Amino acid sequence: MHSRDEDSASQSNSFPEETHSSRRHFLSQLAALSASLTIAAPGARAASSKERSNAEASDPERPESLIDIVLKVNGQEKRLKVDSRVTLLDAVRDRLNMSGTKKGCDHGACGACTVLVDGKRVLSCLTLAVMAQGKEVTTIEGLAHGDELHPVQAAFVTCDGFQCGYCTPGQIMSAVGCIGEGHTRSDSEIREFMSGNLCRCGAYPNIVQAIKQAATQMKGAVS
Amino acid sequence: MRAFQFKTAASPRDAANSGTDTAFIAGGTNLIDLMKLDVVAPARLVDLGPLSFRGITVDGDGLHIGALEKMAEVAEDPRVVKEYPVISQALLKSASAQIRNMATMGGNLMQRTRCGYFRDAVSPCNKRVPGSGCPALEGENRMHAIFGVSDSCCATHPSDLAVALVALESVLKLQGPQGVREVKLEDFYLLPENTPDREHDIRQGEMITEIFVPHNAWTGRSGYLKIRDRESYEFALTSAAVALDLDGSTIRDARIAVGGVGTKPWSLPVVAEALKGKTANRDVFAVAAEHATEGARMLSQNGFKVSLVKKTIVRALSEVGGVA
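Chains A and B are the protein sequences, given in the same order.
Note that my numbering numbers the first sequence so that position 198 is 201, with each residue one more than the last.
Note that my numbering numbers the second sequence so that position 87 is 92, with each residue one more than the last.
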């Protein structure tokens, strides 16, 4: 049998409520300031300087200190200083000012934040920016060649694969991944492999049409 | 999200000795979500990504899967598709394409329950805050368990993969500060009893390094059926992983586990035993499936799972057994 200590450190049973009360007290205040942390503005950080010194005293490792990272986004290397909590989504949108990638649910349920990492579609809202280092990140801004749209972008336009457009960058990035994986052999296969991208407007039939059209076109371009 | 120290594991030993209040992160799809919800708040995250727990190999003993392999890679591996179809099918019916590209096999097995009270950081929950109570027992429990329920907890284990792996009697290889050890996956998951916060037979600093699936006469003729409220991207109401060893139409042996109904992936040796030596047909499957729910405990909203899980088993056996 295991002691409570062992449990509190195991992969899943991590409940530091009981063990880090002073750190957590400070952090609950910080969390109230910024529920979805995209690096608080300088003013906000200065305002909490008293709490910061408390935190440094209670936690010598200073987990809130910033980390130098390098992200490669759409072929360009970007140097950033980020808090370890910053997601790839927030880094791309709020630090690199590429707002094409959308924040929908921020919990991995809607697919609006889909980007490619090393060519595979992933959810940027569940990816820590520090963990995306050394990888090739492609966002919706990286698809077109100048004024020439990517075949999937063009197909979404010609098939009218959207209404409000909020889910569209995620749909398009996911579709690029879906076509690359070869999961476009039937309408039902497209629907199944695109199920991680929700569209509140219900543009699904036209999205499926756009993906079919782009897949055919891209296959033709390869052969 | 609460602040944490981030560290990349330099070696398994380095990760294992990271100290208490550490969470290992691989794909992060469950952990980051739970940290955003303030359900878990480790002081330290150790990224296992650079470690070498990778590879999908098939040998005379069976299938060896590195714990850091992504769900999508395993699901689409031609050897897994052909020789261990129940694993491929369970993976492809899990989550979404994006999540399967991120989430690892080891992380999938460590994922936490989807119980709404557990995921709501301000509700009482014996799993999250031991002794605080279980609102689900008398509350919203339509999605909850009928097997392994205690007076402390009725949360289901959410993994489809784990159901398939338990059916095939898989073994986990673990590595920690005290070295390496093996544990049967079925025994790795603990019943909630009075300590629902203790979910796994895992010790401080230990990590899953490999999943081993023994090859048997039934592994190739196997499949996974998942019943849910919507067609895709949803957790199971009920599911069944079944594997049959047939001699013509006679069932030599079988393995069955069910999901969406247990506080852990639930194997049903009693149903498998009832099939042995019988002719594969729907009537035989239905008689055997009656044994599935012996000892089930129905809650206020989930009584439908008793009949649904039996029908799920019969349909899964019919599809895998080639019975119309």
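Note that these hints are calculated values from the structure, not bench results.
Here the structure is a predicted model, which is why all the values come from computation and not from measurement.
All residues carry an ideal CB built from backbone N, CA and C; glycine is no exception.
Some hints here could point you the wrong way.
[To be verified] What follows is a list of derived Cβ distance ranges for each label pair:
# : chain 1 : residue 1 : chain 2 : residue 2 : range
1 : A       : T161      : B       : K281      : 55 to 63 Å
2 : B       : G65       : A       : A157      : 50 to 58 Å
3 : B       : S305      : A       : Q220      : 48 to 56 Å
4 : A       : H148      : B       : S57       : 49 to 57 Å
Is it true that the C-beta distance of G65(B) to A157(A) lies inside 50 to 58 Å, as the hint says?
Hint holds: Cβ distance 51 Å, inside 50 to 58 Å.
Range hint 49 to 57 Å: satisfied by the CB atoms of H148(A) and S57(B)?
violated, 38 Å
With respect to the beta-carbon atoms only, verify the hint that T161(A) and K281(B) lie 55 to 63 Å apart.
holds, 59 Å
Range hint compliance [Cβ, S305(B) to Q220(A), 48 to 56 Å]
Distance hint for S305(B), Q220(A) holds at roughly 54 Å.
Hint violations for this structure: number 4 only, all remaining hints satisfied.
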